[in-house]
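Position chains U and X relative to chain W; hints supplied.
Top line first, the protein sequences correspond to chains W, U and X.
Residue numbers for the first sequence follow the numbering used here, so the first one is 5 and each next one is one higher.
Residue numbers for the second sequence follow the numbering used here, so the first one is 5 and each next one is one higher.
Residue numbers for the third sequence follow the numbering used here, so the first one is 5 and each next one is one higher.
Simulated from the structure, these hints should not be mistaken for laboratory data.
Hints are not guaranteed to be accurate.
The list treats identical chains as interchangeable, and a pair is accepted whether it falls inside one copy or across any two copies.
[Said to hold, decoys possible] Straight line, CA to CA, 30 angstroms or less: simulated DSS-like cross-link-like pairs of lysine-lysine:
1) Lys154 with Lys184
2) Lys28 with Lys10
3) Lys253 with Lys8
4) Lys183 with Lys34
5) Lys183 with Lys20
6) Lys10 with Lys34
7) Lys252 with Lys183
8) Lys184 with Lys34
If you want the building blocks of each chain, they are given just below.
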Amino acid sequence: MRLKRKDFLSIAELDKSEIELALKSAESFKEVSTREIKKVPTLRGKTIINLFYESSTRTRTSFEIAAKRMSADAINISVASSSTNKGETLSDTARNLEAMSPDCIVVRHGSSGAPAMLANYLTCSVINAGDGAHEHPSQALLDMLTIKEKFGTLEGIRLLIVGDIAHSRVARSNIIGFKKLGADVLVCGPPTMIPPGIEDLGCTVVNHIEEGLGLADAIMMLRIQTERQNHTLFPSLREYAKLYGLDKKKLERAKDSVVILHPGPINRGVEISPEVADGPWSLILEQVKNGVAVRMALFYLLLGGPSVDAS
Amino acid sequence: MRLKRKDFLSIAELDKSEIELALKSAESFKEVSTREIKKVPTLRGKTIINLFYESSTRTRTSFEIAAKRMSADAINISVASSSTNKGETLSDTARNLEAMSPDCIVVRHGSSGAPAMLANYLTCSVINAGDGAHEHPSQALLDMLTIKEKFGTLEGIRLLIVGDIAHSRVARSNIIGFKKLGADVLVCGPPTMIPPGIEDLGCTVVNHIEEGLGLADAIMMLRIQTERQNHTLFPSLREYAKLYGLDKKKLERAKDSVVILHPGPINRGVEISPEVADGPWSLILEQVKNGVAVRMALFYLLLGGPSVDAS
Amino acid sequence: MRLKRKDFLSIAELDKSEIELALKSAESFKEVSTREIKKVPTLRGKTIINLFYESSTRTRTSFEIAAKRMSADAINISVASSSTNKGETLSDTARNLEAMSPDCIVVRHGSSGAPAMLANYLTCSVINAGDGAHEHPSQALLDMLTIKEKFGTLEGIRLLIVGDIAHSRVARSNIIGFKKLGADVLVCGPPTMIPPGIEDLGCTVVNHIEEGLGLADAIMMLRIQTERQNHTLFPSLREYAKLYGLDKKKLERAKDSVVILHPGPINRGVEISPEVADGPWSLILEQVKNGVAVRMALFYLLLGGPSVDAS
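Only chain W is shown next, with the shape it has when bound in the complex (with noise of 0.2 angstroms):
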């Protein structure tokens, strides 16, 4: 089997079927973790690119795992230590990587739209890791697949996703992909937080955490990203935890068989309290787990299979 796309660069682009091709790919990669002897044979000879530039030590490390328990060759390369510092293009860089004939280059970016922009160029694979506000749409694949392991389906599912929705490319690559297969999304964060026209995607915006609260069957609270934030989006960070973070008192308001979910890194007692974070409602951990089965799959699905052209 084998994703009929050269690429894999949004949830957008992706249809319903083949969110489910590859949500089902990982869930059976998913047990090569769980064994005594950690890898298939799968890539082997295959050589897969992490360009980050970006740090991002659990997506690189999530990418590199997979690659490695898949027996592809794996290669780091960083920001700092790159020729972007001596003026290169990304294209010039990227079009060089590909002369090493690489299978798969993984790309995370600052800017929306570099992975697509680089795929134009190659006749490689890439993987967009993250592209400016844009996308991750593996993570929103991992976040799928640890919802619907908890609740058997998407389909009728509520989503409340919590925080900074205007500047997090995960709320978008979510709201696209739950809605597509079925789920209902609500958003919620302060006023300077939710881009105009977000309803547009298919979402609905709740005011108040209160409101979405008791509606939710899954929550998915964001991370204040502090080191990158305009920090006059909201008045302080006690403030925003006071108004949009969840703690057990908030949470007492939802449904028992409420999940919550993080992308990670959490900051704790900021949007997520220890407790909540902690507590047994939470897939944080999972998630991590799942992202790791969800790359695997990605490097099957677009290396892996008889190739297309072949079928």
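The following block gives chains U and X in isolation, referenced to the frame of chain W:
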């Protein structure tokens, strides 16, 4: 054969037979690095993460080479690119990494006790690769192996350790380890670098290096950590070198059969003179060689044999 | 087959037959990177260390991919995280690494002669991946391979090198190498960038690029290292581009069959215009592709065949 413990955190927690098992295993793994094909399939499909909060070319490389020679997949994470920048706690970082199903996390951290805290949270194995001024247990094992290879035993051997005893995790681990194997340990350094109560570990303090030199079978010169130290601990590097540095003149007082160790990297002309570092008595490079063997043995003893539960 | 030398330090030290052997081997290894499974088991169980004191995405990645396609274990060490911060000498670093039993250390260093000095200390193989303004011999091999593939031979080919000849290790290695294989080499650049006595290497200096263009079968444009150079060597980048940069207009003076090379990363609009860099005459990406093949060949010729002593 397997250590009957999940983690390798300190020499203090090991009993004599466990240390001897580790040394014996290291001796047999040492041979692997002399082969044409320096690799055994023992840990194929295992994932080992090197999580370094302090940089160390030598130690990280040694663990990485050891992992690869055992056929494990090695993943490097250094603090600079880690999400601690993003305010994540150490335990959140570690639990997230664990969710990716590694078999072992090797941790170096500036705070004493950090690896032990992680080991407590995690179900995978944790190896302490140096924590604050607490312990550097794999270093002590390689030092013990190096001296044992030379003299056939540690029983009755007299080791003199010279330098900043107070801030040295290497000294601590070695004092404890050598004592457990029946050696006699002398320590020497400026009074500001000898912690009160160090004798409780079973060693003897000598005030002037000259007193200890003639008594020692092995001398371990500690690194003056010019980049880390409070410079008020001694007047000047030149003064330190004069009083506590080992040069050829001082070495004349030592036994003919004396051997010299140093955990590296060495400051030539400070704690050790070039003639001493490079002379026939120097086992410094043998220590490094043994480091790879010791780390292969640790991976094997923690991850490799039939599991303890299964036996 | 094996090079009858331990190290690969310069083009200057190779004789014609050794260069031809390297090029021939590279041609055959090039095919490996076109396979579905881009990997040969030749160097399984060998350890290759990339020790980079200057950062270089391209060169480090090329060596790393080459090592992995030969099934060797590759270990990366970059200066930022190295113990040179801790005052260790280059030779101590290298001898310590050697004690970990690598088969080859690939060194890039800012000082001319650093790899040769290391080779002298070490019993393992050393490959020079660029040292100061001295040599970049693997780059010269890939350039020779690229032009040889195009014209079938280097005998009688005329190569024009344009740029900062004085500070370019690429230029030096190429002048020497192309001459050894019977090519004719012209060099051109601002007078401040043409070292006195360069003719002793067997090349001819042309003062204006226009003089050389019509004579050349191949043109190699050197990178203006804006990040490194003394800017007093030429008045401005714009001035440089106008006088020595290759654009489509200047290219009209060249032969129809001319090919363009550049060691990368390119400064579009400075030493080379986009139309020239991306046109049909450009072999820039072919150079990168050949880089992997050349490095696979070097690893094979130094480490792979039956050892010289055994033959």
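Do the hints match the structure? See the list:
1. With identical chains, the CA atoms of Lys154 and Lys184 are at most 30 angstroms apart within one copy only, with a shortest distance of 18 angstroms there and 52 angstroms across copies.
2. Proximity of Lys28 to Lys10 under the C-alpha cut-off of 30 angstroms is restricted to the intra-copy arrangement: shortest distance 19 angstroms within a copy versus 34 angstroms between copies.
3. Neither within a single protomer nor between protomers do Lys253 and Lys8 lie at most 30 angstroms apart by alpha-carbon distance, with minima of 47 angstroms and 43 angstroms respectively.
4. Taking the shortest alpha-carbon separations for Lys183 and Lys34, only the intra-copy value of 24 angstroms comes in at or below 30 angstroms, while the best inter-copy value is 47 angstroms.
5. For a Cα distance limit of 30 angstroms, the shortest separation of Lys183 from Lys20 inside one copy, 10 angstroms, qualifies, whereas the shortest one across copies, 62 angstroms, does not.
6. Proximity of Lys10 and Lys34 under a CA criterion of 30 angstroms is satisfied in both settings, with 23 angstroms inside one chain copy and 24 angstroms between copies.
7. When the C-alpha separation of Lys252 and Lys183 is checked against a cutoff of 30 angstroms, the pair qualifies only within one copy, where the shortest distance is 28 angstroms, while the shortest distance between copies is 51 angstroms.
8. For the identical chains of this complex, Lys184 and Lys34 are intra-copy neighbours only, at 23 angstroms inside a copy versus 45 angstroms across copies, given an alpha-carbon limit of 30 angstroms.
In terms of the numbered hints stated before, the structure departs from hint 3 and from no other.
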